[in-house]
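Novice: Residue-level listing of the chains:
There are 2 protein chains.
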Amino acid sequence: MTESSKPILYSYFRSSCSWRVRIALALKSIDYETIPVNLIKDQGQQFSEEFQALNPMKQVPTLKIDGITISQSLAIIEFLEETRPTPRLLPKDPKKRAQVRMISDTIASGIQPLQNLSVLKQVGQENQLAWAQKVIHTGFDALEQILRSTAGKYCVGDEVSMADLCLVPQVANAERFKVDLTPYPTISRINKTLLALEAFQVSHPCRQPDTPPELRA
Amino acid sequence: MTESSKPILYSYFRSSCSWRVRIALALKSIDYETIPVNLIKDQGQQFSEEFQALNPMKQVPTLKIDGITISQSLAIIEFLEETRPTPRLLPKDPKKRAQVRMISDTIASGIQPLQNLSVLKQVGQENQLAWAQKVIHTGFDALEQILRSTAGKYCVGDEVSMADLCLVPQVANAERFKVDLTPYPTISRINKTLLALEAFQVSHPCRQPDTPPELRA
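So the sequence lines, in the order shown, correspond to chains A and B.
Quick note: the first sequence uses our numbering, first residue 1359, plus one each step.
Quick note: the second sequence uses our numbering, first residue 1359, plus one each step.
Isolated chain A (complex conformation) (with noise of 0.2 angstroms):
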């Protein structure tokens, strides 16, 4: 491959969805470049003319492959997995299939969205807080439910899935938000098995190109 026509990945250390694309990258071993979007510094780099023009919802991550221009995490990890499927992150099976995407989803439309910067910016500083804890409590109180059902070693069986690449971010979410996550054994079992991995690791927001002095580990 030539230097040019290396993936680059728009993101932000802290950005729980650019998380879930860096653990996908790291699993697949592809070299990548990243190009930080601050999403607080100089009122939010997203809003820049630059980064509109290659998402218009002015958001992270979006990533550049292929000659080709994808935002939406999961759009993008699914266009990883067609196109560079070793190792997978989607089951053979059409059956767990379903239940890595509807766990997937539950976590990518049913709570990542609703505690994201941009909705906590419009309900206010004094409620923030409880704001997200509410939502990450109903998210995580399904979750936590499905998982019982679904999870082996991982979310869904022993293999690592785009459901995994999702609940970890999402779980940081809520140690931020400083929500108790003792009603959640089995979310908490799975989390940490989880961050052992190198992937989980690599990727984190506290090793990024962009991460702050003071919160790198």
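None of these hints come from the bench; they were simulated from the model.
Watch out, some of these pointers could steer you wrong.
Copies of the same chain look alike in the list, so a pair counts if it fits in one copy or across any two.
Derived DSSO-like pairs (lysine-lysine); straight-line CA-CA distance at most 27 angstroms [what the hints assert, rightly or not]:
1) Lys1386 / Lys1453
2) Lys1454 / Lys1422
3) Lys1511 / Lys1536
4) Lys1536 / Lys1479
5) Lys1386 / Lys1550
6) Lys1479 / Lys1454
7) Lys1550 / Lys1450
8) Lys1416 / Lys1453
Position chain B against the provided structure of chain A, taking the given hints into account.
Specialist: The following block gives chain B in isolation, referenced to the frame of chain A:
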């Protein structure tokens, strides 16, 4: 197919996520039974113990099919696509598939969750309309720009895809919240073209078993 193996869709006539799945079922000529879940009546039938056991997120749609129960509309549609591939709802080319999923997720993760019933309840009655309008405007500003580069007759090229199944119900929500669609000629044009198709008509909220008489058409 025996009677007992007919798929069962838990649906609410007005739910835009249920409508997405109803269009997929219609396009693929899958015969199914509807069990209505009234999100308003009885303080919300989705909160019943019986329904929570099927879908811990307490949302519609949920589909019972092939011996499994799937929630999350896009996970359901992907399962239908993998098990009943004709007519296809995802293009063959991985880059076009990525565009379809990007548009679908923009709606399913970026717009709809922020204006659904449970969020609007939390926002409070006096703020609901302004909140929903803002969310949809932000999303449609982006969507219009994306579609300008992907659309043919439909959202991506000239074949109906999963993206179209997300677009039409979201436009219906926009109309319900009195969003001015003048700034979105591409969205409006595609929506109108799709609404002329039979699968979009038979699945329409005004023609469901649980549509109240005064809203039938």
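Novice: Please go over all the hints and tell whether each is borne out by the structure.
Specialist: These are the hints, each one checked on the structure:
1. Lys1386 / Lys1453: Both ways: Lys1386 and Lys1453 sit 23 angstroms apart in one copy and 18 angstroms across, limit 27 angstroms.
2. Lys1454 / Lys1422: between (29 angstroms within a copy, 14 angstroms between copies)
3. Lys1511 / Lys1536: Answer is within; shortest intra-copy Cα gap is 26 angstroms, inter-copy 48 angstroms.
4. Lys1536 / Lys1479: Cα proximity of Lys1536 and Lys1479: in one copy and across copies (18 angstroms, 24 angstroms).
5. Lys1386 / Lys1550: within (21 angstroms within a copy, 41 angstroms between copies)
6. Lys1479 / Lys1454: neither (37 angstroms within a copy, 34 angstroms between copies)
7. Lys1550 / Lys1450: Only inside one copy: Lys1550 and Lys1450 sit 25 angstroms apart there, 38 angstroms across copies, limit 27 angstroms.
8. Lys1416 / Lys1453: between (34 angstroms within a copy, 21 angstroms between copies)
Checked against the numbered hints given earlier, this structure breaks only hint 6.
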